[in-house]
Amino acid sequence: MARRVGMEVSIAISEAVKLANVDVISAYPITPQTHIVEHLSEFVNDGELQSAFIPVESEHSALSAAVGSSAVGARTFTATSSQGLALMHEIMFVASSLRLPIVMSVVNRALSGPINIWNDLSDIMAERDCGWVQLFAINGQEAFDLTLQAFKIAEDPRVLLPVAVNLDGFILSHVIEPIELLEQQEVDQFLTPFKPVLRLDPDKPVSLGAFGSPDVYIEVKKQIEEALIGSQKVVTEVWKDFNRLFGRNYKPVESYKTKDAETLLITMGSISETAMMAVDALREKGQKVGLIHIRLWRPFPFKEFLQAIKGAKVLAVLDRALVPGGVGGPVGLEVKSALYGKDTRPYVAEFVAGLGGRDLTVETFIEVVEKAERYAQKQKDFQYELIGVREK
Amino acid sequence: MAKIDALMPWREVPLGGAILEPGNARKFKTGDWRSNIRPVTDREKCIKCGLCWVFCPDMAYAHREDGYFDWNSDYCKGCGICARECPKEAIQMVAEEE
Amino acid sequence: MIAQDLKEFKKFTPKTLPREEPLVSGHRACQGCGEVLALRLVAKAIGTPMIAVSATGCMEIISSPFPQTAWDVPWLHVAFENAAAVASGVEAGLKILMEKKKIPEKSINVVAFAGDGGTADIGLQALSGAMERGHNFVYVCLDNEAYMNTGIQRSSSTPFGAMTTTSPAGKLIPGQTTWKKNMPAIMAAHNIPYVATASPAFYLDLMNKAKKASLIKGPAYLHVYASCPTGWRHGSDLAIEVSRKVVETNIFPLYEIEEGRYTVRKNNNPKPVEEYFKQQRRFAHLTPDMLKFIQDRVDRDYQRLLQMEALTNPAAVKKEEPKEEATG
Numbered sequence: 002m003a004r005r006v007g008m009e010v011s012i013a014i015s016e017a018v019k020l021a022n023v024d025v026i027s028a029y030p031i032t033p034q035t036h037i038v039e040h041l042s043e044f045v046n047d048g049e050l051q052s053a054f055i056p057v058e059s060e061h062s063a064l065s066a067a068v069g070s071s072a073v074g075a076r077t078f079t080a081t082s083s084q085g086l087a088l089m090h091e092i093m094f095v096a097s098s099l100r101l102p103i104v105m106s107v108v109n110r111a112l113s114g115p116i117n118i119w120n121d122l123s124d125i126m127a128e129r130d131c132g133w134v135q136l137f138a139i140n141g142q143e144a145f146d147l148t149l150q151a152f153k154i155a156e157d158p159r160v161l162l163p164v165a166v167n168l169d170g171f172i173l174s175h176v177i178e179p180i181e182l183l184e185q186q187e188v189d190q191f192l193t194p195f196k197p198v199l200r201l202d203p204d205k206p207v208s209l210g211a212f213g214s215p216d217v218y219i220e221v222k223k224q225i226e227e228a229l230i231g232s233q234k235v236v237t238e239v240w241k242d243f244n245r246l247f248g249r250n251y252k253p254v255e256s257y258k259t260k261d262a263e264t265l266l267i268t269m270g271s272i273s274e275t276a277m278m279a280v281d282a283l284r285e286k287g288q289k290v291g292l293i294h295i296r297l298w299r300p301f302p303f304k305e306f307l308q309a310i311k312g313a314k315v316l317a318v319l320d321r322a323l324v325p326g327g328v329g330g331p332v333g334l335e336v337k338s339a340l341y342g343k344d345t346r347p348y349v350a351e352f353v354a355g356l357g358g359r360d361l362t363v364e365t366f367i368e369v370v371e372k373a374e375r376y377a378q379k380q381k382d383f384q385y386e387l388i389g390v391r392e393k
Numbered sequence: 007m008a009k010i011d012a013l014m015p016w017r018e019v020p021l022g023g024a025i026l027e028p029g030n031a032r033k034f035k036t037g038d039w040r041s042n043i044r045p046v047t048d049r050e051k052c053i054k055c056g057l058c059w060v061f062c063p064d065m066a067y068a069h070r071e072d073g074y075f076d077w078n079s080d081y082c083k084g085c086g087i088c089a090r091e092c093p094k095e096a097i098q099m100v101a102e103e104e
Numbered sequence: 028m029i030a031q032d033l034k035e036f037k038k039f040t041p042k043t044l045p046r047e048e049p050l051v052s053g054h055r056a057c058q059g060c061g062e063v064l065a066l067r068l069v070a071k072a073i074g075t076p077m078i079a080v081s082a083t084g085c086m087e088i089i090s091s092p093f094p095q096t097a098w099d100v101p102w103l104h105v106a107f108e109n110a111a112a113v114a115s116g117v118e119a120g121l122k123i124l125m126e127k128k129k130i131p132e133k134s135i136n137v138v139a140f141a142g143d144g145g146t147a148d149i150g151l152q153a154l155s156g157a158m159e160r161g162h163n164f165v166y167v168c169l170d171n172e173a174y175m176n177t178g179i180q181r182s183s184s185t186p187f188g189a190m191t192t193t194s195p196a197g198k199l200i201p202g203q204t205t206w207k208k209n210m211p212a213i214m215a216a217h218n219i220p221y222v223a224t225a226s227p228a229f230y231l232d233l234m235n236k237a238k239k240a241s242l243i244k245g246p247a248y249l250h251v252y253a254s255c256p257t258g259w260r261h262g263s264d265l266a267i268e269v270s271r272k273v274v275e276t277n278i279f280p281l282y283e284i285e286e287g288r289y290t291v292r293k294n295n296n297p298k299p300v301e302e303y304f305k306q307q308r309r310f311a312h313l314t315p316d317m318l319k320f321i322q323d324r325v326d327r328d329y330q331r332l333l334q335m336e337a338l339t340n341p342a343a344v345k346k347e348e349p350k351e352e353a354t355g
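Chains as they are written, first to last, in my numbering: chain P, 2 to 393; chain D, 7 to 104; chain U, 28 to 355.
Treat the hints with caution; some may be incorrect.
Stated by the list, open to error - A few chain P residues that face chain U, going by a derived Cβ cut-off under 10 Å, partial list only:
#: 1; residue: D24
#: 2; residue: F54
#: 3; residue: P203
These aren't lab readings, by the way, just hints derived from the structure by calculation. All C-beta atoms, glycine included, are put in the ideal place defined by N, C-alpha and C.
Please model the entire structure based on the sequences and the hints provided.
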């Protein structure tokens with residue numbers, strides 16, 4: 002029987018990794034991911050988790066070692082943030098190209114510079130194109146659930162791609178939330194042991210990581226692309242399975258009070274819960290406002306997104322990362338790209354806010370909705386607006 | 007030739023660009039690289055020491071039952087190490103017929 | 028640290044060399060490549076079952092042109108600087124899977140191969156980490172003294188004075204200005220059980236060291252001299268000759284460091300360094316002053332090695348210069 006406890010979200014994630022019975026944890030500490038790897042090392046040293054804990058000497062080596070262990074068929078986990086993720090960048094692409102089902106917690110933190118340990122999504126956005134499946138948790142329960150699900154998604158023979166589970170640094174990682182933990186027995190029904198399709202085995206030698214000439218590079222990439230696009234189907238199946246067993250239902254795009262909404266806020270990550278409060282406040286006042294938040298970021302669920310925004314006249318996108326040079330934010334770009342070919346398009350107002358951990362309050366969202374509607378009325382033509390910058 | 011083999015449809019590319027057949031580089035005859043010069047062993051002088059086999063970077067010598075070594079024209083690149091190192095100067099680099 | 032199988036290991040002799048070829052013909056190495064020969068001999072000596080991990084470099088490129096592979100053993104290549112980190116993951120993965128009974132218990136040699144660039148420069152961090160953590164694997168540095176695969180650029184392993192494309196013999200600065208980085212000493216400072224230098228010309232010594240490295244529990248480091256006719260500008264038939272001269276001149280002495288104890292191959296009447304340089308055009312521009320500098324330093328470094336041996340391994344029997352191998 003599942004039990005509900007108040008637990009720091011980082012610890013909950015370690016519990017999920019333990020329940021998944023990982024074989025290898027390759028770990029390098031970086032704020033605010035540290036509690037995850039610390040707690041995992043405690044499990045290992047106390048004999049509660051039979052796992053090889055490799056205390057590597059950098060994040061680049063953390064992911065490299067993870068590639069090595071996954072290639073021999075070991076269920077492998079790592080975690081990082083910000084600069085650590087940036088340091089892994091080179092290997093991120095190799096991990097997906099080699100089709101290795103590594104699971105990584107990304108505890109989202111701003112990228113330097115200036116050096117900043119607080120939360121925004123710039124770290125994962127810099128890895129947008131690496132070919133990993135990318136999911137976003139909005140609260141502790143989701144962080145726990147998505148981590149468990151990630152293994153099942155990654156290891157599915159139709160996917161065989163690494164999965165990044167994103168959660169906001171400090172705002173989620175370091176807070177105590179009510180988490181319904183699952184029992185080992187229950188998890189074992191959901192997640193079976195890893196059965197690699199290809200592995201390094203002296204009895205069946207294969208060469209992984211061969212040199213790919215122009216004659217073959219595109220074909221390999223096409224295969225990965227098809228796997229990534231196709232992974233959405235697997236993600237949906239896994240979520241259905243999870244719902245059936247544990248009663249929690251996940252969708253690629255979640256809707257909150259969108260039924261007759263004219264204006265929709267669009268968010269990712271934990272700010273979604275703050276945004277929901279703003280929606281509630283505005284609804285009190287009779288405004289037809291709703292929220293959609295995106296849980297499955299890669300592959301981008303175009304169909305579900307377009308379905309979710311049906312009927313809305315104004316979209317107010319709140320990005321937590323900047324695509325510099327006057328462009329906007331990554332989510333905004335995706336939204337606009339999804340809408341480009343459509344006959345009827347809502348007005349899209351793009352806002353970038355909360356960079357480097359600048360707090361986003363209910364008031365911020367109310368302001369964003371107000372601005373979006375005002376701009377829509379004027380049909381203001383603009384790329385994006387950076388919210389909260391001190392002018393004087 | 008590797009170039010031609012690589013032109014497979016995307017669905018047929020092994021997972022992640024893996025190569026499933028170990029040692030299939032054997033299909034590639036590097037002997038074609040020789041510029042008409044090849045080693046020839048004088049069996050009269052040969053003492054079956056095996057250094058030609060030891061020192062060949064292309065594994066172009068093979069043991070024979072009688073202790074001598076067979077030269078493999080398919081892979082020999084004509085580098086001349088074997089001729090240089092043979093302690094009895096039993097191997098000479100000579101011009102090839104064709 | 029020294030395993031029982033090591034004690035039982037009967038050294039290779041010319042008549043008992045392993046016939047197995049973990050690397051097969053058909054690879055795309057240059058004519059007369061000393062590096063692929065070194066790789067072949069090391070892999071042969073270590074033997075199967077083996078999982079090989081390569082860093083980006085000549086050996087990786089020439090052995091894996093998709094869809095062909097020259098590897099007859101399982102092989103993984105990831106990037107340039109992380110052979111040691113990837114090998115750490117392979118080793119740890121295998122170990123835990125066997126502990127958890129997910130794969131049958133078996134002794135599998137994990138061997139990382141990298142060039143001097145992928146070891147002493149960009150690969151140094153990952154190597155240091157792997158050695159410090161004590162993974163049970165063999166790390167083989169195939170040292171051809173420059174970044175050969177990308178076109179002969181200098182590395183920290185390029186010898187003093189050598190011409191490379193980024194340390195050209197110019198009018199103002201004549202070639203490489205720094206001395207070769209001492210990788211074996213750096214590895215020994217990590218207190219790993221086994222460090223050794225080897226040269227393909229002394230093939231029995233090389234193969235015995237490689238086998239020993241694989242039998243010892245814990246990390247082992249082999250620094251193998253690997254000649255490059257293309258980058259060093261010498262004849263394609265001279266691989267073994269230069270590999271022999273480099274040892275005979277004491278430029279690349281052969282020694283082992285077992286748990287901190289040095290055992291040095293004695294070479295008390297070394298050939299003058301010019302004997303080695305004259306066959307390679309990368310040294311054609313060396314001035315008499317440079318030659319003297321090099322000779323003095325080589326002599327001094329060799330003496331220092333002998334002092335390390337006397338200090339750490341007083342029990343080492345004073346050997347005569349070993350009988351010349353059949354190489355003559």
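A quick look at each hint next to the structure:
1. Of the supplied interface hints, the one on P:D24 holds, with its beta-carbon coming within about 5 Å of a beta-carbon of chain U, less than 10 Å.
2. Given hint, P:F54 at the interface with chain U, holds; its Cβ is 9 Å from that chain's nearest Cβ, closer than 10 Å.
3. The beta carbon of P:P203 is positioned within 10 Å of a beta carbon in chain U (closest approach about 3 Å), and the interface hint is therefore held.
Hint compliance for this structure: every hint is met.
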